[in-house]
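Undergrad: In case you want the letters, here they are:
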Amino acid sequence: MVGKIVRNQKLNDKYYLLEIKCEEFVREAKVGQFIMINTRHQDYTNDPLLRRPLGVANIEGDKFSLVYMIVGKGTRLLSECQKDTEISFSAPLGSTFTLLRKKRTALLAGGIGIAPVYWLAKTLKEAGCVVDLYYGGRTMDDVVLLEELKETTDHLVVTTDDGSAGIKGLVTDPFGENVNSYDQIYACGPKGMLRAVSEIAMGADVPVEVSLDERMACGLGACLGCIIYVKEGDETLQKRCCVEGPVFDGSKVVWDTVCK
Amino acid sequence: MVGKIVRNQKLNDKYYLLEIKCEEFVREAKVGQFIMINTRHQDYTNDPLLRRPLGVANIEGDKFSLVYMIVGKGTRLLSECQKDTEISFSAPLGSTFTLLRKKRTALLAGGIGIAPVYWLAKTLKEAGCVVDLYYGGRTMDDVVLLEELKETTDHLVVTTDDGSAGIKGLVTDPFGENVNSYDQIYACGPKGMLRAVSEIAMGADVPVEVSLDERMACGLGACLGCIIYVKEGDETLQKRCCVEGPVFDGSKVVWDTVCK
Amino acid sequence: MSDILKTTFCGVKFKNPVITASGTFGYGLEYVKHIDISRLGGISVKGISLTEVPGNPMPRIMETTSGMLNAIGLQNVGVERFLKEKLPALRKHDTKIIVNFWGKTLEEYVKVAEILDDADVDMLEMNISCPNIKEGGIAFGTDPEMTYKVTNEVKKVLKNKPLMVKLSPNVTNIRVFAKACEDAGADAISAINTLLGMAINIHTRKPYISNVTGGLSGPAIKPVAVRMVHETFSSVKIPIMGIGGITNWQDVVEFALVGAGAVQVGTANFVDPQIPINIIDDLENHLKVNNIASFSELVGKADFSK
Amino acid sequence: MSDILKTTFCGVKFKNPVITASGTFGYGLEYVKHIDISRLGGISVKGISLTEVPGNPMPRIMETTSGMLNAIGLQNVGVERFLKEKLPALRKHDTKIIVNFWGKTLEEYVKVAEILDDADVDMLEMNISCPNIKEGGIAFGTDPEMTYKVTNEVKKVLKNKPLMVKLSPNVTNIRVFAKACEDAGADAISAINTLLGMAINIHTRKPYISNVTGGLSGPAIKPVAVRMVHETFSSVKIPIMGIGGITNWQDVVEFALVGAGAVQVGTANFVDPQIPINIIDDLENHLKVNNIASFSELVGKADFSK
Ligand SMILES: Cc1cc2nc3c(=O)[nH]c(=O)nc-3n(C[C@H](O)[C@H](O)[C@H](O)COP(=O)(O)OP(=O)(O)OC[C@H]3O[C@@H](n4cnc5c(N)ncnc54)[C@H](O)[C@@H]3O)c2cc1C
Ligand SMILES: Cc1cc2nc3c(=O)[nH]c(=O)nc-3n(C[C@H](O)[C@H](O)[C@H](O)COP(=O)(O)OP(=O)(O)OC[C@H]3O[C@@H](n4cnc5c(N)ncnc54)[C@H](O)[C@@H]3O)c2cc1C
Ligand SMILES: Cc1cc2nc3c(=O)[nH]c(=O)nc-3n(C[C@H](O)[C@H](O)[C@H](O)COP(=O)(O)O)c2cc1C
Ligand SMILES: Cc1cc2nc3c(=O)[nH]c(=O)nc-3n(C[C@H](O)[C@H](O)[C@H](O)COP(=O)(O)O)c2cc1C
Ligand code: FES
Ligand code: FES
Numbered sequence: 706m707v708g709k710i711v712r713n714q715k716l717n718d719k720y721y722l723l724e725i726k727c728e729e730f731v732r733e734a735k736v737g738q739f740i741m742i743n744t745r746h747q748d749y750t751n752d753p754l755l756r757r758p759l760g761v762a763n764i765e766g767d768k769f770s771l772v773y774m775i776v777g778k779g780t781r782l783l784s785e786c787q788k789d790t791e792i793s794f795s796a797p798l799g800s801t802f803t804l805l806r807k808k809r810t811a812l813l814a815g816g817i818g819i820a821p822v823y824w825l826a827k828t829l830k831e832a833g834c835v836v837d838l839y840y841g842g843r844t845m846d847d848v849v850l851l852e853e854l855k856e857t858t859d860h861l862v863v864t865t866d867d868g869s870a871g872i873k874g875l876v877t878d879p880f881g882e883n884v885n886s887y888d889q890i891y892a893c894g895p896k897g898m899l900r901a902v903s904e905i906a907m908g909a910d911v912p913v914e915v916s917l918d919e920r921m922a923c924g925l926g927a928c929l930g931c932i933i934y935v936k937e938g939d940e941t942l943q944k945r946c947c948v949e950g951p952v953f954d955g956s957k958v959v960w961d962t963v964c965k
Numbered sequence: 706m707v708g709k710i711v712r713n714q715k716l717n718d719k720y721y722l723l724e725i726k727c728e729e730f731v732r733e734a735k736v737g738q739f740i741m742i743n744t745r746h747q748d749y750t751n752d753p754l755l756r757r758p759l760g761v762a763n764i765e766g767d768k769f770s771l772v773y774m775i776v777g778k779g780t781r782l783l784s785e786c787q788k789d790t791e792i793s794f795s796a797p798l799g800s801t802f803t804l805l806r807k808k809r810t811a812l813l814a815g816g817i818g819i820a821p822v823y824w825l826a827k828t829l830k831e832a833g834c835v836v837d838l839y840y841g842g843r844t845m846d847d848v849v850l851l852e853e854l855k856e857t858t859d860h861l862v863v864t865t866d867d868g869s870a871g872i873k874g875l876v877t878d879p880f881g882e883n884v885n886s887y888d889q890i891y892a893c894g895p896k897g898m899l900r901a902v903s904e905i906a907m908g909a910d911v912p913v914e915v916s917l918d919e920r921m922a923c924g925l926g927a928c929l930g931c932i933i934y935v936k937e938g939d940e941t942l943q944k945r946c947c948v949e950g951p952v953f954d955g956s957k958v959v960w961d962t963v964c965k
Numbered sequence: 301m302s303d304i305l306k307t308t309f310c311g312v313k314f315k316n317p318v319i320t321a322s323g324t325f326g327y328g329l330e331y332v333k334h335i336d337i338s339r340l341g342g343i344s345v346k347g348i349s350l351t352e353v354p355g356n357p358m359p360r361i362m363e364t365t366s367g368m369l370n371a372i373g374l375q376n377v378g379v380e381r382f383l384k385e386k387l388p389a390l391r392k393h394d395t396k397i398i399v400n401f402w403g404k405t406l407e408e409y410v411k412v413a414e415i416l417d418d419a420d421v422d423m424l425e426m427n428i429s430c431p432n433i434k435e436g437g438i439a440f441g442t443d444p445e446m447t448y449k450v451t452n453e454v455k456k457v458l459k460n461k462p463l464m465v466k467l468s469p470n471v472t473n474i475r476v477f478a479k480a481c482e483d484a485g486a487d488a489i490s491a492i493n494t495l496l497g498m499a500i501n502i503h504t505r506k507p508y509i510s511n512v513t514g515g516l517s518g519p520a521i522k523p524v525a526v527r528m529v530h531e532t533f534s535s536v537k538i539p540i541m542g543i544g545g546i547t548n549w550q551d552v553v554e555f556a557l558v559g560a561g562a563v564q565v566g567t568a569n570f571v572d573p574q575i576p577i578n579i580i581d582d583l584e585n586h587l588k589v590n591n592i593a594s595f596s597e598l599v600g601k602a603d604f605s606k
Numbered sequence: 301m302s303d304i305l306k307t308t309f310c311g312v313k314f315k316n317p318v319i320t321a322s323g324t325f326g327y328g329l330e331y332v333k334h335i336d337i338s339r340l341g342g343i344s345v346k347g348i349s350l351t352e353v354p355g356n357p358m359p360r361i362m363e364t365t366s367g368m369l370n371a372i373g374l375q376n377v378g379v380e381r382f383l384k385e386k387l388p389a390l391r392k393h394d395t396k397i398i399v400n401f402w403g404k405t406l407e408e409y410v411k412v413a414e415i416l417d418d419a420d421v422d423m424l425e426m427n428i429s430c431p432n433i434k435e436g437g438i439a440f441g442t443d444p445e446m447t448y449k450v451t452n453e454v455k456k457v458l459k460n461k462p463l464m465v466k467l468s469p470n471v472t473n474i475r476v477f478a479k480a481c482e483d484a485g486a487d488a489i490s491a492i493n494t495l496l497g498m499a500i501n502i503h504t505r506k507p508y509i510s511n512v513t514g515g516l517s518g519p520a521i522k523p524v525a526v527r528m529v530h531e532t533f534s535s536v537k538i539p540i541m542g543i544g545g546i547t548n549w550q551d552v553v554e555f556a557l558v559g560a561g562a563v564q565v566g567t568a569n570f571v572d573p574q575i576p577i578n579i580i581d582d583l584e585n586h587l588k589v590n591n592i593a594s595f596s597e598l599v600g601k602a603d604f605s606k
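Chains as they are written, first to last, in my numbering: chain A, 706 to 965; chain B, 706 to 965; chain C, 301 to 606; chain D, 301 to 606.
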């Protein structure tokens, strides 16, 4: 698919918000899904080579948004894209978050994990859920879009490792205290955090869905580069993060194979 | 060296004029020299890899100009560079045209060969020479900057292969008729044309300087990728187009090794 | 669609010479949502073995400059499940099916080939060049005698299907291996598989690929692939399928000129699934505009005169 | 400038481990106008032979995706003119001089080495891996017995200078060649030279390089180079100079981690002559910021635990 850049806004030195107009995409996308995006002039340069996976962070009218963090050459190139230029990307890919109506939900985001969680919060809120968001980052620069998030959540708890914004400490601490008050947990962020969240949720017997990151080449199930090991009964199955994921049941992921 | 783009102007679908501000460069550059220019974001992409050789087409105040033709990925990337961005390039490189005072000179340019000839015409004119420019292209799109050239030449003869601008035919035809009226010939363009010009000049015993193109990797004499064979007495010597050239005595070039 | 691209390659009639490469196109079905796979000349499916194989531990892939490393480790569902679960759906699409296969032992190679010989597929591609597994694969592809032997044994059991052998670039002289295949009765050669490479994360000091080394593919390796197809073409008479770094129609013409009778597109499918389709359209256009009657007119037509 | 980058490599004391690679830095003097060459750890000069050599016909170079092909054909002024015309001027700069050399025959290798052994240079690098000449070079570098023999014969005549042997990546198993060098008494190994590649101009249908094939260098080949340095490091005890696609300090650290005791920067000198200088500055900064006492602490420290 091809869309037109509506804005590519710097949120701070690390984070950008990219809004793209594309009706076709907006019609198809579901919350939790991601895209593979071209960060370069495709025809005449091959470095970076592969497209980059980014979660869909919001949809409004005929536009969708991505929130991305500058990591390497792909995201740096992306940050230089100008308004009004055309950009190409795949159709929406991967599995979706389970949507509930009128339930008490806790959402956890770590750093750039906010991207899919942002849209999820909005969607759950519209479906009448109670939406509590626990949002952690290393420093104040790693927690973005707080104004917008306040509007789509019932409680917004911010934590940072260094205390430069919100509560000092890990995002799992305040969440752990309240875990029993929720019907469903959703989380996206670093793998260590997702493991901790899943373990807390399992301890309290609350269902938990996590959105996982793996390096991806194809994004559509062909290369087998993005395997996640998942327990089903006695068996350990190989799942592709890009097709059966990125959203998995956190209680079934074989965390020892994911976190290294 | 690093300079700032003052303008990157599209002349037509094929040709661009790039003006760069850089005092240090302007101080050093001599007519006939060229630069190796970075066409890409150097730090985080390696395709295209090498810098591209471009002739210095003009100097004015603390700015210099390049005229380039879209050929492949390097020149295409260059054409997308925005005003005010910084661009890096080497110090002025290579040999220079011999400057004369108050002589009758003929300049020949074929297509993009106009780049160094543009500055040469201006310089010779300022030195009191009679400057006749024979400028040939395939079609009208291949003869650019005609207004500017009229000002810095005494006679401007334009030819195109298809007659879409100026006289229909080869640029060597009208020149050949007048060759005897000149003290010095200068030429830049396709190798076949340079050979023809050199042979006409030698026939009339008029000295001729040609500016030659070779693929270049280093541009400073290290890689030995740009060899031009030149006769000196009985010997055939190997010269580096980037150091001993790009300007050579057209009567000494071993044309059979250059035109293939 | 005109006939200008129709290509017969060791007896198999492809609608065009653009085939998607093994391991980069899954079992074909993964791409159905993204492109019309019936436009393709053919599909070479992910390397199949006698029994299901889980592949290597993660991480398995990493991008490098204009290329990528992979050490998938030939994860596949095994020949039985492939024939039952994948092939029937794939067969609904009008394109040729090449089955890339491998074994851990000589016996396994022969057994898989025997099974596939009776299956509803168009061609077999024997992979003796995967750098990412310890047993089999590369061991057969870096020793000319082993190459001869496995080709010869497999050829003996094949009654119906043409056999193409896929060669490794990680050898001193690919001509020797091409010749061994031809002598052993191979119907065609495909070249190249990936170059053995490696990358280290300087922060963790660990290899980016859990298998330590992986196979390098993509535009970065194209000059090596073109050279090896050229060397192969000058040493055997059987047809060659050119592979390595192809991303556009110009690349396909380049491979054809040095002797590739057809080509495979690999890593480029990840860059954009549309690429093989674009190549087909652009190639057809190129032939028409230049009055070249068919793709085969380009094959081996590089000009090496001085 | 602190001492943190000082590196002793087979007895030679380099001010830092960043050396410019043979063939990409001329005789050093070409770069004097562009950078301060005395900042460099060392310079490996263009491959020198017994007598002057004109090299291959043009064209000799072509850019490829993130790399380049070259078939210069070892054009050089010959050892006598090098010592008389180039070395004295080069010696005025405070940096180590490595002389890359080669011969068309075993006798020529020995003779050049003998002459250089008495010259005012710091180290010899024997090139048995140039893919661009018919005689000598690659013939010695793709046959382990020849590699042993030429190394052994050259070693016999050297009394003063350490001998480094430069290996070809165009072999099935580089370990065998590294071992042959070590057994024959080589003091160090440098790896890798260029990968054999090729490119065709689809419009003229002629090879872009008059020699048909050329050597592929640049960032495209880095994963292959890292893998080969790793393999070499795990098979010999003599030090290794890592080469192939280095463009920044991160690349240098990567090569060090897999076992390179020093490195050479090649094609990157063309990309921007400032690159080796930037690498030196950035490397020093990296060591300081991370409290790494010296470059040698990185060497061979890749972590291969699971
Ligand atoms: C399903 C999914 C959704 C994602 N959503 C977002 C998002 O919404 N916002 C965001 O900022 N980031 C997201 N990421 C991570 C993002 O893809 C990487 O940060 C990005 O690919 C880095 O590319 P680069 O070229 O800047 O970095 P480089 O380091 O140059 O990338 C080199 C290679 O590593 C891969 N890579 C590097 N880091 C990661 C990573 N963490 N995950 C997967 N591959 C990686 C790249 O794809 C590339 O192939 C997501 C990842 C996945 C798998
Ligand atoms: C001394 C000198 C002065 C030049 N001055 C000008 C000028 O003022 N204006 C202008 O438009 N062009 C000039 N050229 C030609 C210009 O360098 C090429 O058109 C340009 O490098 C093409 O790069 P590309 O990436 O667009 O094309 P690509 O085809 O992608 O280039 C691929 C490779 O081929 C090389 N190459 C391609 N064409 C040429 C060529 N004709 N000469 C040398 N190398 C080539 C490139 O440098 C590159 O390494 C000059 C060349 C030389 C040697
Ligand atoms: C992720 C991945 C998986 C691969 N799996 C296989 C395989 O199963 N069998 C095989 O013969 N080749 C396999 N290959 C090699 C490709 O088919 C192809 O030979 C190689 O990638 C070079 O082509 P390219 O540069 O166009 O990718 C694989 C390549 C990649 C990138
Ligand atoms: C133009 C050119 C000329 C070269 N000449 C030589 C040479 O004379 N002797 C030699 O041992 N290696 C030579 N090489 C190989 C380089 O020294 C180096 O091993 C190779 O280019 C890989 O490193 P890189 O990727 O950093 O360029 C040459 C390389 C290039 C690009
Ligand atoms: S990224 Fe290729 S299978 Fe998931
Ligand atoms: S371009 Fe390198 S010597 Fe001329």
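These are computed hints drawn from the structure, not numbers from a lab.
Some clues are possibly wrong.
As the list claims (entries may be wrong) - Computed list of lysine-lysine pairs in DSS-like fashion (alpha-carbon distance at most 30 angstroms, straight line):
id, chain 1, residue 1, chain 2, residue 2
1, B, Lys944, D, Lys588
2, A, Lys778, A, Lys830
3, A, Lys944, C, Lys479
Said to hold, decoys possible - Output of the computed footprint for chain B on chain A, the stretches with three or more beta carbons under 8 angstroms from beta carbons of chain B:
id, region
4, 749-757
5, 775-783
What you are looking at is a predicted structure, and each value in this text was computed from that prediction instead of being measured.
Don't be surprised by glycine CBs; every beta carbon is placed ideally from N, CA and C.
Undergrad: Run every hint past the structure and note whether it holds.
TA: Going down the list of hints, with the structure as the test:
no. : hint                : in the structure
1   : B:Lys944 / D:Lys588 : violated, 45 angstroms
2   : A:Lys778 / A:Lys830 : violated, 36 angstroms
3   : A:Lys944 / C:Lys479 : violated, 41 angstroms
4   : 749-757             : holds (count 5)
5   : 775-783             : holds (count 4)
In this structure, the hints that do not hold are numbers 1, 2 and 3, in rising order.
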